[in-house]
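K.L.:
So the protein sequences, as listed, match chains A and B.
Residue numbers 1 to 140, in my numbering, belong to the letters of the first sequence in order.
Residue numbers 1001 to 1117, in my numbering, belong to the letters of the second sequence in order.
For the record, the hints were derived by calculation from the structure and aren't laboratory data.
All the given hints hold, so there is nothing to weed out.
Okay, the calculated beta carbon distance ranges per label pair: (1) A:Lys65 x B:Pro1097: 32 to 40 Å; (2) A:Glu31 x B:Thr1003: 23 to 31 Å; (3) B:Gln1008 x A:Ser4: 48 to 56 Å; (4) A:Glu129 x B:Asp1105: 50 to 58 Å; (5) A:Lys130 x B:Gln1108: 48 to 56 Å; (6) A:Lys9 x B:Asn1084: 24 to 32 Å; (7) B:Asn1084 x A:Gln76: 22 to 30 Å; (8) B:Gly1013 x A:Lys95: 33 to 41 Å.
Below, a list of computed lysine-lysine pairs in the DSSO-like style, where the Cα atoms sit at most 30 Å apart: (9) A:Lys100 x B:Lys1043; (10) B:Lys1036 x A:Lys62; (11) A:Lys55 x A:Lys104; (12) A:Lys27 x B:Lys1005; (13) A:Lys130 x A:Lys116; (14) B:Lys1043 x A:Lys106; (15) A:Lys55 x A:Lys9; (16) B:Lys1112 x A:Lys99.
Residues from chain B that face chain A, not an exhaustive set, calculated with beta carbons under 10 Å: (17) Val1063; (18) Tyr1067; (19) Asp1070.
The beta-carbon is built from N, C-alpha and C at its ideal position, and this holds for glycine as well.
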Amino acid sequence: MSNSATYQKAIKAATSNLAEIRKFVAKHAREHGFSEKHISDIQLAVDEACTNIIKHAYSFDKTKKFTIELQFDGAQLSIILTDKGAGFDPDRYQKPDLKKQIEKKKRGGMGVYLIKTLMDDVSYSANSEKNVLRMSKIRS
Amino acid sequence: MKTFKIEQRNSDGFEILDLYGELDAHTASQLEESLKNLISNHKSNIIVNFRELDYIASAGLGVFMAYIEDVRTIGGDIKLSNMNDKVYNVFDLLGFPTLYDIFDDEKQAINKFLSDS
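Start from the sequences, fold in the hints, and give me the full structure.
P.N.:
Put into structure tokens, the structure is as follows:
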């Protein structure tokens, strides 16, 4: 196993594919020596990000696809998710207030918070052609 | 990977949902259906047992957020029990322990219902 490697996958925008994505991420992170705790964190962050793409960028349109790329470089894993759906404005994002949401029976908004909490670094860019979410985790 | 499923049982008048497998945005609708059914049948003393649940994403937590007020309004509650560390960690990160009763064991959840009534 070399110190750097890249794995890529194109995925149809269906929630039925989430389990397979989690398996794909876990398999490669394990091969590259990430701890089980870190693998759990990465799986959840990727799941939340993919769920957001399926739900918000593509509104559950199963004919649409997005790509996931895993880049292992030394101790760092970067995960790049690219879609061509509706963009997301990270400046409008606020940490969810659980009590208020329960009172209003409103759910959601938790995925981005989890992604930011579980990963070491998260960045997002959007233009008229594509949206790119990049998140990374350092093996410790 | 275990397929997600829900088994429902009744113990001393309490409705218990046993969750198995992985709860994500794909499987959360099954949990939603189970809770909706209980509520529409006026069964409001609900315990969700997570012993066999290996994984949860925020879509799963969203279901508990959406129905807890309905259940509490009719005098009941949804209490959660037997989570593994990985699953508990997600509830903890999102602040659930201050707003929901979460127990190590199902019996403690039953006892809390009994002492509150």
